[in-house]
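**Student:** Here are the chains, one letter per residue:
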Amino acid sequence: DVKVTQSSRYLVKRTGEKVFLECVQDMDHENMFWYRQDPGLGLRLIYFSYDVKMKEKGDIPEGYSVSREKKERFSLILESASTNQTSMYLCASSLKLLQGDYEQYFGPGTRLTVT
Amino acid sequence: AQSVTQLGSHVSVSEGALVLLRCNYSSSVPPYLFWYVQYPNQGLQLLLKYTSAATLVKGINGFEAEFKKSETSFHLTKPSAHMSDAAEYFCAVSAFKAAGNKLTFGGGTRVLVKP
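Chains as they are written, first to last, in this note's numbering: chain A, 1 to 115; chain B, 1001 to 1115.
One should not assume that every hint holds.
[Unchecked claim] Calculated lysine-lysine pairs in the DSS-like style (CA-CA distance at most 30 Å, straight line):
| no. | chain 1 | residue 1 | chain 2 | residue 2 |
| --- | --- | --- | --- | --- |
| 1 | A | Lys57 | A | Lys71 |
| 2 | A | Lys13 | A | Lys55 |
| 3 | A | Lys55 | B | Lys1114 |
| 4 | A | Lys53 | A | Lys3 |
| 5 | A | Lys71 | A | Lys55 |
| 6 | A | Lys3 | B | Lys1049 |
| 7 | A | Lys71 | A | Lys53 |
| 8 | A | Lys96 | B | Lys1069 |
| 9 | A | Lys57 | B | Lys1049 |
| 10 | B | Lys1114 | B | Lys1058 |
| 11 | A | Lys96 | A | Lys70 |
| 12 | A | Lys96 | A | Lys13 |
| 13 | B | Lys1068 | A | Lys96 |
| 14 | A | Lys18 | A | Lys57 |
| 15 | A | Lys96 | A | Lys55 |
| 16 | A | Lys96 | B | Lys1114 |
| 17 | A | Lys3 | B | Lys1058 |
| 18 | A | Lys18 | A | Lys55 |
| 19 | A | Lys57 | A | Lys70 |
| 20 | A | Lys18 | A | Lys53 |
| 21 | A | Lys96 | B | Lys1049 |
| 22 | A | Lys53 | A | Lys70 |
| 23 | A | Lys13 | A | Lys70 |
| 24 | B | Lys1049 | A | Lys71 |
| 25 | A | Lys13 | A | Lys53 |
| 26 | B | Lys1068 | B | Lys1049 |
| 27 | B | Lys1049 | B | Lys1114 |
If you're looking for bench data, these hints aren't it; they were derived computationally from the structure.
It should be emphasised that the depicted structure is a prediction, and the values quoted were computed from it without experimental measurement.
Given these sequences and hints, build the entire structure.
**Tutor:** Here is the structure:
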């Protein structure tokens, strides 16, 4: 079974703090993704990575950065947390396109509250 | 660019009744379509996917969906609802690029099952 784990289920941070969200997958997937989930808006892609040290902006990258130093680990960084970044954050991974498996596998999510 | 519209943010069904969740998409290229389910306090789990084979796709837990190109739809159905089907359901379309299979999600439909 594919397993995607996220470092925290719940986080509470103060405005202006630097926040790190960590995601680890154990299936040797090339692609990894960070989404945020808000009621009524579904999931929106923040960043994704298709290889170590490679990254590409998603639909809402402002206020976020990412790091992928190892294939199994993808980190989301909030440089200076703001209250409008209070949300559920979901990490996902998948095999690369040409290998024919289009499914993304999701972690359990981190609910971040910024006060 | 791809987009997904899910009609109805909330659906209430009686146990044993038909479940019908609507999804319409727009895509400039032949789409790959997915339905995911999210149970409370969990990540997303794949229900089924359409990847240009059969237009009627069967998934887990008795769900199925039919791809209708002329209607740009991919509605999800289950003949008889069970209490365990209470969850949030997301339709997604894939945008294929060389770098990976990004998903664009609809806003989600929360299903309530009444005894």
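**Student:** Identify every previously stated hint that the structure contradicts and give their numbers, smallest first.
**Tutor:** 3, 12 and 16
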